[in-house]
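**Student:** Chain A is fixed; fit chain B onto it per the hints.
For the record, the sequence lines run as chains A and B. Going by my numbering, the first residue of the first sequence is number -3, and it counts up by one from there. Going by my numbering, the first residue of the second sequence is number -3, and it counts up by one from there.
Accuracy of the hints is not assured; some may be wrong.
[Stated by the list, open to error] With a straight-line Cα cutoff of 30 Å, these simulated DSS-like cross-link-like pairs (lysine-lysine) come out:
hint : chain 1 : residue 1 : chain 2 : residue 2
1    : A       : Lys306    : A       : Lys127
2    : A       : Lys274    : B       : Lys120
3    : B       : Lys342    : B       : Lys222
4    : A       : Lys329    : B       : Lys223
5    : A       : Lys342    : A       : Lys374
6    : A       : Lys(-2)   : B       : Lys(-2)
7    : A       : Lys19     : B       : Lys1
8    : A       : Lys342    : B       : Lys55
9    : A       : Lys332    : B       : Lys51
10   : B       : Lys374    : B       : Lys223
11   : B       : Lys127    : B       : Lys19
[Unchecked claim] Short, incomplete list of chain A residues facing chain B, as computed with Cβ under 8 Å:
hint : residue
12   : Ala18
13   : Lys19
14   : Gln71
15   : Ala86
16   : Leu88
17   : Lys330
18   : Ser337
19   : Val340
20   : Glu344
21   : Leu345
22   : Met347
23   : Ala372
24   : Ser377
[What the hints assert, rightly or not] Here are a few chain B residues that sit away from chain A, every Cβ distance over 12 Å (derived from the structure):
hint : residue
25   : Val9
26   : Ala58
27   : Phe59
28   : Phe65
29   : Ala86
30   : Asp109
31   : Glu121
32   : Ser140
33   : Thr163
34   : Gly186
35   : Glu191
36   : Cys201
37   : Val209
38   : Ala217
39   : Gly264
40   : Tyr359
FYI, nobody ran anything at the bench for these hints, they're computed from the structure. Everything numeric in this text was worked out from a predicted model, so none of it was measured. For every residue, glycine included, the Cβ atom is placed at its ideal position computed from N, Cα and C.
2 protein chains.
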Amino acid sequence: MKFEKKKLANGLVITGEVNNRAKSAAVGFFVKTGSRDESKQINGVSHFLEHMLFKGTEKLNAFEVNEAFDRTGAQFNAFTSEENTVFYAAVLPEYLAEVTGLWIELMRPALRDEDFDIEKDVIKEEIAMYKDMPSFDVMERCRSLHFDSHPCGNSVLGSEENINNLTAEQMRGYFTSRYAPNNMVLAVAGAFEWEQICSIIEGGCGKWQTQSVARPLEEAAGSKKKKRVEKPSLAREHICLMSPAVSAQDKRRFTASLLGVIVGDSVGSRFFWELVDKALAETATMQFGAMDGTGVFCSYIRCSGENVPKVLETIRDIFSNLAKDGITNDELKKAKNKVLSALVIKNELPMGRLIDLGFNWIYLERYCTIEDDISAIKAVSVNDVHSLIKQFRPGDFTQFSIGP
Amino acid sequence: MKFEKKKLANGLVITGEVNNRAKSAAVGFFVKTGSRDESKQINGVSHFLEHMLFKGTEKLNAFEVNEAFDRTGAQFNAFTSEENTVFYAAVLPEYLAEVTGLWIELMRPALRDEDFDIEKDVIKEEIAMYKDMPSFDVMERCRSLHFDSHPCGNSVLGSEENINNLTAEQMRGYFTSRYAPNNMVLAVAGAFEWEQICSIIEGGCGKWQTQSVARPLEEAAGSKKKKRVEKPSLAREHICLMSPAVSAQDKRRFTASLLGVIVGDSVGSRFFWELVDKALAETATMQFGAMDGTGVFCSYIRCSGENVPKVLETIRDIFSNLAKDGITNDELKKAKNKVLSALVIKNELPMGRLIDLGFNWIYLERYCTIEDDISAIKAVSVNDVHSLIKQFRPGDFTQFSIGP
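Isolated chain A (complex conformation) (with noise of 0.2 Å):
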């Protein structure tokens, strides 16, 4: 395992870990951009233009960006959040190279009207289905209401509304300022030559215009408001909570991910054991969400309509015994080890491993090993999780509520 980093003079940033014991190869374009890094006015841009990226560029229509992808047999895909637009894909090593040509004339794309007025349809199809899932609604719902005017409450997917009147002239122009070299790291994790790749990539990128380009950060409370929607066609009641944590950046995102397991994983947690065993609730987890320069613990619990007072009982006694007894040694050791599991499984595959390349570049700015990881994980002690309780109080909670 060699860890690798180069950085253009355009301010791209190449970070490679070579394992040539692994049978596959995954390359990745992370672009630091997301709906926080929207106006309100062109909200929904970010994940729009995601899609656009696959219509073709000066040199290829939509047609030939498939059929390019299909002769590289490439496993790939794309994902927008709230500050991130990843694009990525893992193939056999003899066709890295073919696939990383591909992205990199994909990051150029042309951003033809024709094909822009096309997508928006799509688009305002899939703001459609999400808006009919009450598990996703009801947790972009909450986001807005937690956040309030912090822009982490963008919405990813952006209001049918805003869609309509994005035009085509405010997309290339947020594609300028934001897919600038200087703001993505472009990761590649496997079996792969090092010097080899980074011919193709300085070849490829190495004239791409640097920018100026920035994301304010600043910390957010959250509203702690109540508000609950109906909806009279749901059969259940759908809950999100969503209370501060600590930041990406931040060397407390273990704990916060260990308080998270502990409190609401999806088997053996004490919301399972309050909640689901005891069949007040269907499902009821909660977990760390790590962002640029803040955090949230997000909850979702769906139950039927009459459980729901004792269902918020249930949930603000977990809490208040969390604050007063907080956690025991065997609650933690039991967390450590699925934390410590998932992320190992995961980081055997080198298209996990390159997720995980790529974040810590992009919040970090280093190379962190799994084995750097497992230490921290298993450094966390029980005092840890004890003070971030006291100051963070994931009791003390945002609540977006959807039902009949």
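**Tutor:** Same frame as chain A, now just chain B:
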């Protein structure tokens, strides 16, 4: 990478692939039993039994089972199909012995009357939930129409009525005959010590009683019937097509997989370009399903009601062109790249390797290296695909539709 194999006196086969460079280890019981092994009267019992294995043994109650998995940090799961019930877990190497011991314990469940009665409601909720998913419902109904009186047409979940009538006594009888050591394979993959794991398995499973157990095998020609059911609540038409194919034991199974990819991969296939890219259908896929002594090509198409005639005409054209002109070299090459990269990437993880290791023994009673499979895929020729098309005529299918 080292292959190991042992057969206990009672018939239990242990198959292992030791890879000391792996960072995790996986273990699984592959029980050769599923809905095709059920009489009409007890249809659904295999899947119900899979649930009951987590309800405890003479030594452990359900709470303790959960706690025991939790301690190991395992990523674990189980699934039931028409012909297998599989229980598996991936862990850090230091927990493999513990989680193997736990699975061995669970494979001799208490099957208590009170747990059986409570779990019945969970099973019935699962049946109701899947009935509400038209993509699942249409496939199950098409399978039943296609296989007609052949046992492969049995539903995995069973009907609500069947589950209501099922007794704990019937389940215990089915368990004794099917969960016999000579009807299962225990597979282990990743970083582990073969001798140590074998001694745990021999100690735990050595006394299990051999049973007389069999599965009658017969080819299924498929009914080729067409049927449509109206469901006014649906917004879309769901169409499932099935036609016969080679079995899991047949050397031509890779040829069949490649044909499935060429015709119906989710991207870049003939279905994709003619149906999805032209916006006639939202989804259109075809896959090869290998089974014990038989096999199917199964297609699923979702589209608007008004597009149905055009979609069906296009499908007819696709299959008649396939029969007339066959496939191109370029199509075969692209399909091979996709199948090879999916195979290699999946098998890079001990958890993925475990599945192939187990099923290769269940179906072929032999060990296949990844390299064996890669060579077999690379060796498939355009003529092989043409012979398969000629013999199995995939355009001559059973058809089930559900729509508004």
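**Student:** So, for every hint listed, does it hold in this structure?
**Tutor:** Outcome of the hint check:
1. A:Lys306 x A:Lys127: holds (28 Å)
2. A:Lys274 x B:Lys120: Judged against 30 Å, a Cα distance of about 19 Å means the pair holds.
3. B:Lys342 x B:Lys222: Between Lys342 of chain B and Lys222 of chain B the Cα gap is close to 36 Å, so the pair fails against 30 Å, i.e. violated.
4. A:Lys329 x B:Lys223: Violated. Lys329 of chain A to Lys223 of chain B sits at ~56 Å, over the 30 Å cutoff.
5. A:Lys342 x A:Lys374: Holds, at about 18 Å.
6. A:Lys(-2) x B:Lys(-2): Roughly 26 Å separates the two Cα atoms, so the pair holds.
7. A:Lys19 x B:Lys1: Judged against 30 Å, a Cα distance of about 25 Å means the pair holds.
8. A:Lys342 x B:Lys55: Roughly 33 Å between the alpha carbons, so the hint for Lys342 of chain A and Lys55 of chain B is violated.
9. A:Lys332 x B:Lys51: holds (25 Å)
10. B:Lys374 x B:Lys223: Answer violated: Lys374 of chain B to Lys223 of chain B is near 39 Å, above 30 Å.
11. B:Lys127 x B:Lys19: violated (40 Å)
12. Ala18: Holds, about 7 Å.
13. Lys19: holds (5 Å)
14. Gln71: holds (6 Å)
15. Ala86: holds (6 Å)
16. Leu88: Holds - the Cβ of Leu88 of chain A comes within 8 Å of chain B, reaching about 5 Å at its closest.
17. Lys330: holds (5 Å)
18. Ser337: Since the shortest Cβ distance to chain B is 4 Å, the answer is holds.
19. Val340: holds (5 Å)
20. Glu344: holds (5 Å)
21. Leu345: It holds, given that the least Cβ distance between Leu345 of chain A and chain B is near 6 Å, below 8 Å.
22. Met347: Because about 7 Å separates Met347 of chain A from the closest Cβ in chain B, which is inside the 8 Å limit, the hint holds.
23. Ala372: Interface hint status for Ala372 of chain A: violated (16 Å vs cutoff 8 Å).
24. Ser377: violated (18 Å)
25. Val9: holds (26 Å)
26. Ala58: violated (9 Å)
27. Phe59: Incorrect as stated: the minimum Cβ-Cβ distance to chain A is 8 Å, not above 12 Å.
28. Phe65: violated (7 Å)
29. Ala86: At roughly 6 Å from the nearest Cβ of chain A, Ala86 of chain B sits no farther out than 12 Å, so the non-interface label is violated.
30. Asp109: At about 19 Å from chain A, Asp109 of chain B clears the 12 Å cut-off, so the statement holds.
31. Glu121: Glu121 of chain B is in fact no farther than 12 Å from some Cβ atom of chain A, at 9 Å.
32. Ser140: With a cut-off of 12 Å, Ser140 of chain B remains clear of chain A, as the shortest Cβ separation is near 28 Å.
33. Thr163: holds (24 Å)
34. Gly186: violated (9 Å)
35. Glu191: Since the minimum Cβ distance to chain A is about 24 Å, Glu191 of chain B lies beyond 12 Å and the statement holds.
36. Cys201: holds (25 Å)
37. Val209: The claim stands: Val209 of chain B keeps its Cβ more than 12 Å from every Cβ of chain A (closest is about 33 Å).
38. Ala217: It holds; Ala217 of chain B is separated from chain A by about 34 Å at its closest Cβ, greater than 12 Å.
39. Gly264: Check fails; 4 Å does not lie beyond 12 Å.
40. Tyr359: Tyr359 of chain B is indeed farther than 12 Å from all Cβ atoms of chain A, at 23 Å.
The structure is inconsistent with the numbered hints 3, 4, 8, 10, 11, 23, 24, 26, 27, 28, 29, 31, 34, 39, although it conforms to all the rest.
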